[in-house]
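For the protein sequence lines, the chains are A and B, in the order given.
1 is the number of the first residue of the first sequence in full-length UniProt numbering; add one for each residue after it.
1 is the number of the first residue of the second sequence in full-length UniProt numbering; add one for each residue after it.
Just so you know, these hints were derived from the structure itself, not from any lab.
Where hints are given, some of them may not hold.
To be verified - The calculated label-pair distances, taken between Cβ atoms and stated as ranges, are: (1) 175(B) / 38(A): 26 to 36 Å; (2) 182(A) / 265(B): 30 to 40 Å; (3) 118(B) / 228(A): 33 to 43 Å; (4) 182(A) / 38(B): 57 to 67 Å.
As the structure is a computational prediction, the values presented were derived from the model and not from experiment.
Backbone N, C-alpha and C define an ideal beta-carbon position, used for all residues, glycine too.
One letter stands for each residue in the lines below.
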Amino acid sequence: MAGAVRIRGLVKDFGPRRVLAGLDLDVAEGEFVALLGRSGCGKSTLLRILAGLDPDVEGTFTVPERVSVAFQQPRLLPWRRVWRNISLGLRGVGRQRDKHRAVAERALAEVRLADHADAWPLTLSGGEAQRVSLARALVREPELLLLDEPFGALDALTRLAMHHLVEQLWREHRPAVLFVTHDVDEALLLADRVVVLDEGRIVAEHHVDLPRPRRRASFADLRVEVLSDLGVDDVEAA
Amino acid sequence: MSAGEKSVSISTAGVVARPESVVPARAPAVKQRKLPDLRRWLSPIGLVLLWQAASSTGVLPPDKLASPATVFRSAYELVVDGQLVDAFLVSLSRVAVGFVIGAVVGGALGLVSGLSRWGERLLDPPVQMLRTLPHLGLIPLFILWFGIGEEPKLALVAAGVAFPLYLNLHAGIRQTDPALLEAARVLGYTRLDRVVHVVLPSAVPQTLVGLRIALGTAWLSLIVGEQINADAGIGYLINNAREFLRTDVVVVGLLVYALLGLSTDALVRALERRVLRWRAR
Ligand SMILES: Nc1ncnc2c1ncn2[C@@H]1O[C@H](COP(=O)(O)OP(=O)(O)O)[C@@H](O)[C@H]1O
Ligand SMILES: [Mg+2]
Chain A
1 MAGAVRIRGL
11 VKDFGPRRVL
21 AGLDLDVAEG
31 EFVALLGRSG
41 CGKSTLLRIL
51 AGLDPDVEGT
61 FTVPERVSVA
71 FQQPRLLPWR
81 RVWRNISLGL
91 RGVGRQRDKH
101 RAVAERALAE
111 VRLADHADAW
121 PLTLSGGEAQ
131 RVSLARALVR
141 EPELLLLDEP
151 FGALDALTRL
161 AMHHLVEQLW
171 REHRPAVLFV
181 THDVDEALLL
191 ADRVVVLDEG
201 RIVAEHHVDL
211 PRPRRRASFA
221 DLRVEVLSDL
231 GVDDVEAA
Chain B
1 MSAGEKSVSI
11 STAGVVARPE
21 SVVPARAPAV
31 KQRKLPDLRR
41 WLSPIGLVLL
51 WQAASSTGVL
61 PPDKLASPAT
71 VFRSAYELVV
81 DGQLVDAFLV
91 SLSRVAVGFV
101 IGAVVGGALG
111 LVSGLSRWGE
121 RLLDPPVQML
131 RTLPHLGLIP
141 LFILWFGIGE
151 EPKLALVAAG
161 VAFPLYLNLH
171 AGIRQTDPAL
181 LEAARVLGYT
191 RLDRVVHVVL
201 PSAVPQTLVG
211 LRIALGTAWL
221 SLIVGEQINA
231 DAGIGYLINN
241 AREFLRTDVV
251 VVGLLVYALL
261 GLSTDALVRA
271 LERRVLRWRA
281 R
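Just chain B, with the same shape it has in the complex:
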């Protein structure tokens, strides 16, 4: 049985000195940062040039759509005279306040219905029914309830945030691996230990998905909400510009909306990288 002995010593040595185990798990993250493929910029730049050409030759009249050059100039002017920054801050604070309200409500409901059977029985059916309502369709009711000031805008954002957050947090908690819960039980974890160390961490990835959806919906809700008699904010800027046929300002407003959406998305992705760094590769 010398063959048996031999393989024992080989494998033991292999365990002691696994080459890949010495390297900390950081390396792959660096490699992921590839240079962007510049060729992908060809067609977007081409389209902008085409747009500029259509405007310069008069094919595209400025009262339908301003030229890229005009848009750029207006953006510069709006920034310099402070209008854009003011509008930006107003819109941003609407989203922030509405988001916090919606996140607290959706998060609290999701936790209760995820962690307790009775919570689920009582909370989940009405929430599941309500979520089938398109929340933007609630505007008429919100106006009747809250008037035409800040409140309906905040309520709309909050509603847009609460539902996706609730649904994903609830689903995330419910899909906790029972094998891990069982292991935690035999290791003597209390119920609180299990919630803190097993259930909630395992719900984080799904909750972050919900967070991204919620932020997307928050911006959408804001854009729609700001159509309601706004006297400040990006929506006001856009509506005001429309009355004076200033398509350049309208486009600037839209670009700001897009940028805001992109940056919050990037924020969530950064959060994901940090919070989910335990996910290998």
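Chain A on its own, in the form it takes in the complex:
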């Protein structure tokens, strides 16, 4: 398998503070990788670098041509209707303008918001807005999809529905995914591989060779291992 992402010796400093300290990571084409780590360990920093938002780094990395990001907050343009938010994501992808509406509507149907094309973003619930954000990221047909805790601000029930949705969309579009989360269950539910970031490096890695859709019971042992990588040994409390 050719690699979608290849990172070697990535170093990122904020002033005197070294956030990424020679990080190595590969993501294969179409692979779903979950990136776990404590708050403040540099997960968002890594994603921003891969998205090309922070050029001030040392080390090397390669990413595919088409990269999309979904952030923790949906970051929709409130003054553009939902379908325009999505079609504006087609910038630089080179599609014909008159097909934009149709493309946006198809993307909205995929996230089950077909009847919201003309809504204003501020009228959406948190989960709906986040689904629009996903649709906007996917409409570019990305080869790499970067997800930065996209469900962190959602309630538990909405989250569960979003897990289904993301898995389904990933199966259909098959981008490589780098999915940042601090929720171990979420990671084990969705990812082919779980990596743990600490002290600026990948310190642990687990392949999750379980059939999908997964149930929580199926990865109880792996969960204990990953939690211990994260420095949580008292599993009952976690």
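Fit chain B with the ligands to the known structure of chain A by using the hints.
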């Protein structure tokens, strides 16, 4: 883990059929139109009655302030013989021309200093210094520069419009949410795309605030400007009436000023409702 499965199906169903999501976001706007509370009219009407009573009994002499009835009659006469309409049109066109000049200048400067770092460095300091001058205090200079014709009146209105518009447009552009700009960048927006779809729309609410202030200042500037040797317009009407102790006409002129101010304000508010309809509720 049947509990887990159950909650999955519940939440999925919830997503598919969210009841509130079906209703378009129009409904709340209609509800906002409440009937005005008529009790709030009690005291204003009472004051007018009191005023009329004071005039009728001679407590308030007509050379100080005419009675409401006289004011009403004069207003009617001035409308019928066309004087008021002529004066109104002259004043309105002064405000309109001065406003356009001021809006173009203030808007252009605000755009340049908002959108470009060098523009800000070069433009913002002098504008910030100049705005501390009370612009109505510039009248003596304007008279020296432009004489006592139409030009100083227009310049005064334009100055009153340009500053608030500049300040609010500049501030509006500068407070664009960096998170949205970042999202636009990863979505491949060009710089022009970002300005058109992110920066300028996000500056609109603040700019509309500036527009309302600018219009208020425009009327104020006009009223002051029309004290300078006007030979037409509401200000002329008022000054002329003063010489003949016609307090009724003075009051009519003031009422017209007030009405004009109120109607332009209503216009901006209508514009706000239309342009900012993306703001939920
Ligand atoms: N622009 C910045 N300037 C200075 N420090 C930053 C900046 N962005 C992030 N950091 C710091 O880098 C560290 C990693 O941040 P981040 O990548 O956001 O962590 P997380 O893993 O929670 O996403 C934190 O200590 C944070 O304070
Ligand atoms: Mg983060």
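Exercise. Check each numbered hint from earlier against the structure, then list the numbers of those it violates in ascending order.
Key: 2 and 3
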